[in-house]
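Novice: Each chain, letter by letter, is given below.
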Amino acid sequence: MKPFAYHQPDQIPDAAKLLTSIEDSKLVAGGMTLIPTLKQRLANPPALVDLSKLGSLKGITDDGATITIGAMTPHAVVAASKVVQAKIPGLAALASMIGDPAVRSRGTIGGSVANNDPAADYPAGVLGLGATVITSAREIAADKFFLGLFETALEPGEIITAIRFPVPLKAGYAKFKAPASRYALVGVFVAKITDGVRVAVTGAGPGVFRVPPMEAALSGNFDPSAIAAIKIDNDGLTSDIHAEADYRAHLVTVMAKRAVDAALS
Amino acid sequence: MGNVIGIGAAPKRKEDQRFLTGRGNYVSDIKRPGMTSGVFVRSPHGHAVLRGIDKSAALASPGVTAVLTGDDVADDGLGSLPCGWGITDAKGVPMKEPPFPMLAQDKVRFVGDMVAFVIAETPEQANAAAELLKVDYEVLPSVVGVLEAVRPDAPQLFDDVPNNICCDWELGDKAAVETAFKKAAHVAKLSLVNNRLIGNPMEPRAAIAEYEPGTDRFTLWTTSQFPHVVRFLMGALVLNIPQHKLRVVAPDVGGGFGVKQFHYGEEAVITWAAKRVRRPVKWVASRSEGYVSDRHGRDHVTEAELALDETGKFLAFRVNTLANMGGYLSTFGPNIPTNLYGPLLGGVYTTPAIYCNVKVVFTNTVPVDAYRGAGRPEATFVLERIVDVAASEMGIDRVEIRRRNMIPKEAYPYQTPVLVQYDSGDPMGCLDGALVAADVKNFGVRKAASASKGKFRGLGYSTYVEACGLAPSRFAGRLGARGGLYESATVRVHPTGQVTVMIGTHNHGQGHETTFAQIVSDKLGVAFENVDIVFGDTDRVQFGMGTYGSRSLVVGGAALSKATDKVIVKGKKIAAHLLEASEGDIQFEAGKFSVAGTDRIKTFEEIAGAAYVPHNYPLEVLEPGLEEQAYYDPVNFTYPGGCHIAEVEVDPETGTVTLVNYTAVDDVGTVINPMIVEGQLHGGIVQGVGQALFENAVYDEGSGQLLSGSLMDYCMPRADHLPMMKVATHSTLCTHTPMGVKGCGEVGTIGSPAAVINAVVDALSHLGVTHVDMPATPNRIWRLLQNASLPVAAE
Ligand SMILES: Cc1cc2nc3c(=O)[nH]c(=O)nc-3n(C[C@H](O)[C@H](O)[C@H](O)COP(=O)(O)OP(=O)(O)OC[C@H]3O[C@@H](n4cnc5c(N)ncnc54)[C@H](O)[C@@H]3O)c2cc1C
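Top line first, the protein sequences correspond to chains A and B.
So the first sequence is numbered by our numbering: it starts at 1 and just counts up by one.
So the second sequence is numbered by our numbering: it starts at 1001 and just counts up by one.
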């Protein structure tokens, strides 16, 4: 790790100002992703802006038709939340499948979504539910937020403050864990909402993506059998030492079926 | 006063008090006055010419004390890292043994090869300076696989090692095997890969070295399984430091599994550097550094053929293996795939003729050496797999074919056609016990239950034997060992009757402090808590060859037993004097010396007191004091073995293999502490399951990059991968070790990979699957099912 300055502002505008005024400075939330990269000297920011004193970034609010989760809410809190369990059990289940207990108590939803790791779980939940990313500057629809491998629509200095999830009719998540890392080798989030079905896939490619043919089939018949024969194209999927692209493509169908099963149970 | 806790009891482990309360003393815990920090600069390339190193920017970096490179090593005239075994080919030609410089000279040969050592006031400063070192590489193509490395057009690692072949080794009667194959009713053939593994002990390697100019003495603290051997190899052969001027300490060590039983270049560089900078130097490896520098294990490609008669009797076995050595010869490297492999190919069977050829091959990968089991898991895997293949091809039940070929209990001692003679064993007894414990008779019911959930269930057997208790020195010497393999122990009885044992083996998780204390407590009748075991320090322990090859109890414990017996013999002499009886009439039992047939006794404490306050003492014929030492050189290997039965469930939709049941019935000879034996079996089995299902060190051909270089990519077995295991012992006593012990450190790792893979193949056999390479990952199983001869059953 190289030396860096450390700031712990208690107002969002102060945090945003620090971030824009110190070139190459970084936000730190749970630190589960950022700190290892610092320790390996892969990133060397001159300053870290810690979000942990920003009280307004914490907590879960039930707004009836939507649930809003503050950016600094750790995965373990989402997994254990009675509100999330009652209204979007698929999202609580997703949070409970992230990493291990230590990672779940430190890692945050904001950090995960901002980081947009191609194998992270939350991006599938956010895109699958058609959630809205609320930042210090604006609101961004999930469909416009995730731009590919570690890329998002966030502008420099922009801070995620919360994610607003619509309460679905049904939703489920199925994850095939990568054997070593336990990130998603393939994770599929399926949500039935008032105006249709959304299917979002993480782990399989360079970024989270939707599967329109599955969404169409499930809109007609929300049952695993409706998508059993739908195969996605291997092209553009990831091939690595853990899984080849055609195997990942196969798993997308299997996990999508299991996600529908989970949503129905 | 505590209690005697003897052989067969299961006390809580002595050493756990300090480990569980955070009071262990590991190398990285040690701080020395004026200590500096060192980091190694390692090659990012698999294969490159080292054209030059520009130190200037690194030297100018804040806090830097020194930057050392291969040129400095050469200037100081230091030796290269020695190999402890010199094997020869069939014609008696010695293996190719290119130098292994402690810092690379001229060329780098694997990603992680060390090119420089940077010393600074703090680790951060050393790291910062290391990044400024300018190393000029001319990158060459790498070759990482053995099949590729022996091709005529392959990149050559060394100018004088044609085709990268270090040695073309063989064992057995080739002609007899050929004759037997001609008469065979059936020949089973199998090609397989034994996957490369990385040991991953919990504690990464670390070292601190210090030089005292006043006495001209060096001290090296290192994460080692064999400090005396490091002192010898490094002092005598690399750094030219006389043995009496070098102290090597291996304090608490957090797991070894073989990874820490080699003399590493880091140890030599740090010790040498400490004198150059005249300050203590410390280095602690990161986990990532461990992946590219800890010696790897396994990595074979094998073709095997088993000849059988029409009844399924094995007539002959032929094995051709290419074994990966990595970029250089590590301490035991060439011994592992040869001497610890070929002689085990007889297994528990009466196969009359065996021939084995092993080509030991250099590649641009981390040097390969012993890893828990070392050679024997590889042999067991080949044999136990091909037995299943033969059974299936001949339509003979897998248990039945094993029974037909097993060495009967009465036939021991049994001479195999591949050098070794088994002293004792009862493979059939282990098999019978395991069949019951695994509830094999109801397997059909469980298989049907799995099938009703759309899952395939399979059962796999491994009836195996291994050779441990390394090693009879004379035998090892004939096979190419360059050192002895005995062990030593000193039993020091204090004037007040407590005992300190100095032993040459090391304890890094096995529970030896407990096991050895039980032996002493049992034999001397001294309270368990009044026995301390000292190890891991060349200044405190007389000598030792260390811990590996399941030798600590078998060889070290035997030395301890002998030394303890000598204490009793001397105690009897003192007692005879004090009790005014003849020595022959003195009995020793339960801590008391008595005159046979009388109630005249002297306690052990009284005898100890008399030995140190020799007022009434036979000084004319007996020296005062009560301390005895013994060296023990085993007369043979020991041959633990047993039967492992794995039961798996395969999800055909995802290819996931789940281990659902595991049973092991092992013959480990006398059990000193059943809890510790059980723990060793559990741990060993888990490591074998890891190899079978999860672990794989993968290199990129061409670039030589390690693709599985972190815990995110190299899958270690975890608790939730495993069922509750049933382990039991079915022991026959070793006929030649003092206590009848055989050792249990490696059996689990040796027996289990074949059991698991045989179960996976069994689960898929109805689809025409005849072999699955390790690790049986979901992707690999799914691919097999895609190509399988029958369609996968619909859900
Ligand atoms: C061992 C391990 C296992 C894991 N397994 C999984 C898994 O199975 N599934 C999974 O999805 N994830 C997994 N993770 C990642 C984990 O979920 C992290 O918590 C998450 O990726 C990052 O969250 P964080 O709060 O720790 O962010 P940090 O590490 O603090 O930050 C990550 C990045 O996001 C930026 N950032 C943080 N907060 C904000 C914000 N509010 N606005 C804008 N930018 C911000 C930071 O500047 C940084 O660039 C694992 C991590 C570890 C260490």
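Accuracy of the hints is not assured; some may be wrong.
Stated by the list, open to error - So, partial list: chain B residues that the calculated Cβ filter (under 10 Å) puts toward chain A:
#1 ASN1127
#2 ALA1128
#3 SER1286
#4 THR1656
#5 SER1710
#6 ASP1713
#7 TRP1782
#8 ARG1783
Stated by the list, open to error - Residues from chain A that keep clear of chain B, each with C-beta distances beyond 12 Å, as calculated:
#9 SER56
#10 VAL83
#11 GLY157
Honestly, the hints are just simulated from the structure, not real lab data.
C-beta: ideal position from N, C-alpha, C; glycine also.
Novice: Would you mind marking each hint as holding or not holding in the structure?
Specialist: Right, here's what the structure says about each hint:
The beta carbon of ASN1127 (chain B) comes within 7 Å of a beta carbon in chain A, closer than 10 Å, and the hint placing it at the interface holds. Hint status for ALA1128 (chain B): holds, given a least beta-carbon distance of 7 Å to chain A, under 10 Å. Interface restraint check for SER1286 (chain B): the shortest CB-CB distance to chain A comes to about 8 Å, inside 10 Å, so the restraint holds. Residue-level restraint check for THR1656 (chain B) holds (minimum Cβ-Cβ distance to chain A is 8 Å; threshold 10 Å).
Given hint, SER1710 (chain B) at the interface with chain A, holds; its Cβ is 8 Å from that chain's nearest Cβ, closer than 10 Å. Hint on ASP1713 (chain B) holds. Least Cβ distance to chain A is approximately 5 Å, under the 10 Å limit. Hint status for TRP1782 (chain B) relative to chain A: holds, with the closest Cβ pair at about 6 Å, below 10 Å. Hint status for ARG1783 (chain B): holds, given a least beta-carbon distance of 7 Å to chain A, under 10 Å.
No Cβ of chain B approaches the Cβ of SER56 (chain A) within 12 Å, the least distance being about 34 Å, so the stated non-interface status holds. Once the 12 Å rule is applied to beta carbons, VAL83 (chain A) is consistent with being away from chain B; the minimum gap is 29 Å. Listed as a non-interface residue, GLY157 (chain A) keeps its Cβ farther than 12 Å from every Cβ of chain B; the least gap is roughly 29 Å.
When held up to the earlier numbered hints, the structure conflicts with none and fits them all.
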